[in-house]
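By UniProt numbering, the letter at position 149 of the sequence shown is numbered 149, and the numbering carries on one by one without gaps.
Hint data in this document are derived by calculation from the structure and do not stem from the laboratory. All values derive from a computational prediction rather than experimental measurement. Even for Gly, the Cβ is constructed at its ideal location relative to N, Cα and C. There could be a bad hint or two in this list.
As the list claims (entries may be wrong) - Pairs of lysine-lysine, DSSO-like flavour, derived with a Cα cap of 27 Å:
hint, residue 1, residue 2
1, K231, K36
2, K245, K231
3, K133, K36
4, K231, K133
5, K136, K245
6, K36, K195
As the list claims (entries may be wrong) - Here are the in silico distance ranges between beta carbons for each label pair:
hint, residue 1, residue 2, range
7, V50, G247, 36 to 42 Å
8, V34, R148, 38 to 44 Å
9, T91, V50, 27 to 33 Å
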Amino acid sequence: MALDFAAGCVGGAAGVLVGHPFDTVKVRLQVQNVDKPLYRGTFHCFQSIVRQESMLGLYKGIGSPMMGLTFINAIVFGVQGNAMRRLGSDTPLNQFLAGASAGAIQCVICCPMELAKTRMQMQGTGEKKSKRKVYKNSLDCLVRIYRREGFRGINRGMVTTFVRETPGFGVYFLSYDVLTRSLGCEPEDPYMIPKLLFAGGMSGIASWISTYPVDVIKSRLQADGVGGVNKYNSIMDCVRQSLQKEGWRVFTRGLTSTLLRAFPVNATTFATVTLFLMYMRDGEECRIQDSEPQSVQLQPLQQQTQPTSM
């Protein structure tokens, strides 16, 4: 299990660096005011952030996922690996159940982390240098929210996070298992790494598509209150208002940037985790073999009468 945790840490850090800019684009598109939209679409949003806020604008709020996602991936891969060992047989259903249990448990860290990330990503929208920074960093953001709203405040969006993550991670691990088996990802395969990257990337896409509407509502709830104005009273109120103003297309806002992000992030994460585990387990096996005493077969001494030269 320790190896699963370590592999998750490595994979998590790699995934954050690759995908955070598109995550910023996704959040901006999901929560922008439909009456006065700032962005026409994914690429316009990307260009606008770079032009108005510099490249650093795309990395707003990265501190929170850099700290949180490392632990989240460690928990996810650790819990999933342990759950599979407890379930016994490696079946598609067990892969889904193990992934779902991992997704549910990591919500405790994921929800506050994404709250801080969302608030930081929304801060200083359209400004190269924010005239008035409400939050200095992700930790300061959570501390301020806690002081103002208490424990409930830093867990804003927990229900939607749980509803998104539990089936989402089930689909995630199930898809990866099915794809790696279908592609035949064996250690001796010269194309193993491209296959792992493809399987990981497609698993991420499948996971996001399966739960994306819930993510839109989660982002809107967590961004609600920025600027001192609260628009939503509950999850259902958010769903109702969003549908009334924007129709069913509201549930696809930011989907393009999410899928563009999902493939490289999850390809990197899964390939890194899989290769790390393979390397470490091979190393462990070698150390075990080296530490085992070599069995010496003692041959019985047979006295043979040999003619002497005398």
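* Asked: What are the numbers of the hints the structure violates, in ascending order?
  -> Violated hints: 5, 6, 7, 8, 9; rest satisfied.
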